[in-house]
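Given these sequences and hints, build the entire structure.
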Amino acid sequence: MSDIAVKVENLGKMYRIGSRQEQYPTLRSALISGMKRFVKKKSIKESAQDILWALNDVSFEIKHGEVVGIIGRNGAGKSTLLKVLAHITDPTRGRVILHGRVGSLLEVGTGFHPELTGRDNIYLNGAILGMKRAEIERKFDEIVAFSEIERFLDTPVKRYSSGMYVRLAFAVAAHLEPEILVVDEVLAVGDAEFQKKCLGKMGAVAKEGRTVLFVSHNTSAIKSLCQRGIMLLHGNLVFDGSANDAVNHYVLSTRSEDQNEQPTRDVLDFPRTSGTGLAKISKVSITNNDGLFASSFAIWEPLRLYIVANCDQLPSSVSFWVIIKSLSDGAIVSSFQYDDQPLFKAEKSPIYASVQINPNILVPGKYSVSLGIFGPANEFYDWVDNVMQFLIVGEFTSGKPFDHRLGLTTIKYQWDVRNEKDA
Amino acid sequence: MTYFMNSINPKTPLPVTIYEPSNGWLSLHLRELWDYRELLVFLTWRDIKVRYAQAALGAAWAILQPLLTMVIFSVIFGRLANLPSDGIPYPVFSYVALLPWQLFAGALQRAGTSLVGNSNLLTKVYFPRLIIPISAVAAGLVDFLIAFIVLVGMMAFYNIKLTWAILVLPFLILLTLLTALAVGIWLSALNVQYRDVQHMIPFLIQAWMYASPVAYSVGLVPTGIWRIVYGLNPMVGVIQGFRWALLGAAPPDELMVVSILIVSVLLLSGLYYFKRMERTFADVV
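Listed in order, the protein sequences are those of chains Y and Z.
Going by our numbering, the first sequence opens with residue 224, and the numbers climb by one from there.
Going by our numbering, the second sequence opens with residue 4, and the numbers climb by one from there.
Keep in mind that the hints were calculated from the coordinates and are not lab data.
Be a bit skeptical, because a hint or two may be false.
[Claimed, not checked] A short, non-exhaustive set of chain Y residues, derived as facing chain Z with CB atoms under 10 Å:
#, residue
1, A228
2, Y238
3, K306
4, V307
5, H310
6, D313
7, L329
8, Y346
9, I351
10, M354
11, G423
12, K446
13, V586
14, K589
15, K644
Ideal Cβ placement from N, Cα and C applies to all residues, glycine included.
Now the structure itself:
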């Protein structure tokens, strides 16, 4: 059996937004445009503005049992991706290969009929989602128990409160058992307690070894449910990595839309110390361990630097570096990407890099960040000095004060203190 | 991966599916339609169950509709216009025609607008889209059967003897449904793209009724070229067939064979057109 559950190759989906803005195409308008083409003897060229690539050259693979979160702002192409994966719409380019049955849950209560009773709707909705009659019958009691609507089973759902409606709908969907499950934002409904229950059920589904693709704006849900995160931006896949990193990336990119909002800093116009400019650092920001922007940190609190670099021409490969300088004592620590990671072969611009400063060994004080990009022969593509500042405060994350000690850095070493001599 | 092995037997080969840009004429994938037969049953059942929901008279409407139409026809065409009815009492003459006609008209009306009416399903889940117009057509059968009970009563009342010709009835019903389906899938797919279609359907049905011998006898149509054109309408053969099978009137003529051919062509071309358009339904609807 193949290890791969979902393989997406160069997926592209194009929409014509020009024709979408017209209410509906009518026979008359089709006839008229057909006549125009006939008269002009050539097809009317669509201008680039009328075309929207909701997905553009997206490729990734998902293994069986992986739970992958897909994040991105509205219009990033998340829903389009799910629609292609759920076979609701065909891709314009590329292809999707699926090993296993797919169940899609793009909406809670798809096909619910308001006139039908809860009981009837369980059967109808189950069948629409792809369950067999026997399967629904087997799970019927379980579905009813999960939905907590036993008393209203024979009431038309139009008389349900919206909460009951959503609970019943989710209960049916939660009992779907395909190998690959595609889920869109359905957790954004219901009260907090029911959301918790849904998240729990999703987690259980994931533990059963099913492959789950999960789209949500709920970054904490993605962090807790998913191992892996994929971020889409304007139809492009811009990040594919651990769920935590993807969420951080998402937070960074949503904030960076607003130019005035610190602490993401635009450094494209920052004076350069050196560099050919083949790749150029355009944005820098610092977040704490929770993915939130911060400019001051406690002792040993990990921090993360995010860097965005633009390239006019694509360099063959790049390697980032960072130096942290104390404003009073000069350079304290530096780190090179190629110590940890091979040089990065960029396939397009921009390049997103991040480095986790952990362990954070800095003592209280003010620090600045200097960044740069190497080319393959250690030549400088870019070098910006002291682009960001941050503060290390004199206390631990617990709030306990950090009393003064000597040394430019401080590290938590392992101590062993006892009365007996080492055994 | 270990927990994965516990829940899904790794020896079961998983089905592999590939989604690619659709191009050209695909096969009809009728096999897939068969796999989804349970959904077809559920959607048909939904249509039937919902139709008379919150109606005080409920399923009685299935009888009242043809019955009231029959009364109106009997007064206007039978009494006032005094149309000939091949020696059969006019009420039963028109009622026996109204049964297949209303089955056909209802099926066509529902099928034509079925895709747009179920757009929430089209944009949210995958299943073979053909299920929607097929279930819309099939949902009319229950009404038909209920209304048929009244016919049995009328035949007993007018003391009409049954003949062996009644055995062709299932075939005639099938032809009615297939005709409705053939036109219905064309219209439903066109309606996704061009909403003009849904405004056109009532007129189409109305014109089609006057082009079928529901209220009058085929004998009224003058012979010649127009009689041949008239005979190409499959519903002419169906209604003649109903009167022949149940009331012992003259059997339908050989033009019915041609009309069956026309239905086949319409159905097959409709299936292909539908298949070709179905991948864009979710984007356009």
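Verification of the hints:
1. With its C-beta approaching chain Z no nearer than about 8 Å, A228 (chain Y) sits inside the 10 Å limit, and its interface hint holds.
2. Checking Y238 (chain Y) against chain Z by beta carbon gives a least distance of about 7 Å; that is within 10 Å, so the hint holds.
3. Annotation: K306 (chain Y) was flagged as interfacial toward chain Z, and the flag holds, the nearest CB pair being 7 Å apart, inside 10 Å.
4. For the restraint placing V307 (chain Y) at the interface with chain Z, the shortest Cβ-Cβ distance is roughly 7 Å, inside the 10 Å limit, so the hint holds.
5. At a threshold of 10 Å, the smallest CB-CB gap from H310 (chain Y) to chain Z is about 4 Å, leaving the interface hint in force.
6. Hint status for D313 (chain Y): holds, given a least beta-carbon distance of 4 Å to chain Z, under 10 Å.
7. Because the closest C-beta pair between L329 (chain Y) and chain Z is about 5 Å apart, less than 10 Å, the hint holds.
8. The criterion of a C-beta within 10 Å of any C-beta in chain Z is met by Y346 (chain Y), whose closest approach is roughly 6 Å, and the hint holds.
9. The interface hint given for I351 (chain Y) holds, since its Cβ lies 6 Å from the closest Cβ of chain Z, which is under the 10 Å cut-off.
10. At a threshold of 10 Å, the smallest CB-CB gap from M354 (chain Y) to chain Z is about 9 Å, leaving the interface hint in force.
11. For G423 (chain Y), the interface hint is violated, the least distance from its beta-carbon to any beta-carbon of chain Z being 17 Å, above 10 Å.
12. Below 10 Å, beta-carbon pairs count as interface contacts, and K446 (chain Y) has none with chain Z, the closest being about 21 Å; its hint is therefore violated.
13. A least Cβ separation of about 44 Å between V586 (chain Y) and chain Z goes past the 10 Å threshold, and the interface hint is therefore violated.
14. Look at K589 (chain Y): its Cβ only gets to about 48 Å from chain Z, farther than 10 Å, so that hint breaks.
15. The closest approach between the C-beta of K644 (chain Y) and any C-beta of chain Z is roughly 44 Å, which is over the 10 Å cut-off, so the hint fails.
Hints 11, 12, 13, 14, 15 from the earlier list are contradicted by this structure; the remaining hints agree with it.
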